[in-house]
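Put together the whole structure using the sequences plus the hints.
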Amino acid sequence: GDSVTQMEGPVTLSEEAFLTINCTYTATGYPSLFWYVQYPGEGLQLLLKATKADDKGSNKGFEATYRKETTSFHLEKGSVQVSDSAVYFCALSTNFGNEKLTFGTGTRLTIIP
Amino acid sequence: SAVISQKPSRDICQRGTSLTIQCQVDSQVTMMFWYRQQPGQSLTLIATANQGSEATYESGFVIDKFPISRPNLTFSTLTVSNMSPEDSSIYLCSAAATNTEAFFGQGTRLTVV
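Sequence order for the protein chains is A and B. Sequential numbering of the first sequence, starting at 1392, is according to our numbering. Sequential numbering of the second sequence, starting at 629, is according to our numbering.
It should be emphasised that the hints constitute simulated quantities derived from the structure, not laboratory data. Keep in mind that a hint or two might mislead.
Per the computed footprint, the stretches of chain B lying under chain A, defined by three or more beta-carbons under 8 Å from a beta-carbon of chain A, are [claimed, not checked]:
id: 1; region: 671–681
id: 2; region: 725–734
Listed next, with one range per pair, are the computed distances between beta-carbon atoms [what the hints assert, rightly or not]:
id: 3; chain 1: A; residue 1: S1449; chain 2: B; residue 2: T672; range: 23 to 33 Å
id: 4; chain 1: B; residue 1: D692; chain 2: A; residue 2: E1406; range: 27 to 37 Å
id: 5; chain 1: A; residue 1: A1444; chain 2: B; residue 2: I640; range: 41 to 51 Å
Since the model is a prediction, treat every value here as computed from it, not as a measurement. All C-beta atoms, glycine included, are put in the ideal place defined by N, C-alpha and C.
Structure representation (C-alpha cells):
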C-alpha cells in the first residue's frame, strides 16, 4: 500500500540556518505530494504541493521538488525564522481530487533565536 | 479557505464510556473525513463521512467502534465508543470541495483513563 517515510525529529536549528526535512514515498500510480504544517495550537494547514514529476511547490520561502526517480519530496528553506517552529507533515494522495491523504509521522521543528 | 470548527478540543474520559466529536465547516464541501493521530505516529484515515448514508471505513476501523454521522454538507460527528486507553489520540476532521486540497480542523485531543 501507499506509505510516506519522513525524517524523524525533533529538529532544532538556529535562526537563519538552512533547513531540509527529508520525505520519501511508496505509492501505486502517480501520486500528488503535499507538505502540511501545524503551528502550535492550530490545525493542519497546507504548506505546498506538487502534482507531477519535476514540479516544484513553494510557499513562504519553503520549497519541495517532486522527484519521481528517487520517490522523494524533501522540504527546504534557505533561512529559517523562529516563526517557522511547527510540526511538518509530508503526505501523498493517489485518488482523484486529492482529498484522501496518507501521511508521514511528522517532524517537529524548533528554531532558536 | 474554509474553516473547520471541531468540538471538544480536548477531553479526558473514563474507559468504557463514549465520546462524540463534532465537526462544523463554514461552507459547503463535497468530502469530509476523520483521521486519528496516535502518540508518536502519523495521521491515519478512519473513514470518509458520506452525506445521508453510511460512512466508508478504512481497513482496521469498524462502524460499531467509530459510528459516524453526516446529516448535511457542512456537519459531521465521530463517536468513539466503549473507549479504552488505546483510543487516546488526537482525532481530526478534514474536508474538501471537489478537486481541491483537504483542510483540517484543530483536532480533538482525547485521553482515556
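Going down the list of hints, with the structure as the test:
{"no.": "1", "hint": "671–681", "in the structure": "holds (count 4)"}
{"no.": "2", "hint": "725–734", "in the structure": "holds (count 9)"}
{"no.": "3", "hint": "A:S1449 to B:T672: 23 to 33 Å", "in the structure": "holds (28 Å)"}
{"no.": "4", "hint": "B:D692 to A:E1406: 27 to 37 Å", "in the structure": "violated (50 Å)"}
{"no.": "5", "hint": "A:A1444 to B:I640: 41 to 51 Å", "in the structure": "holds (47 Å)"}
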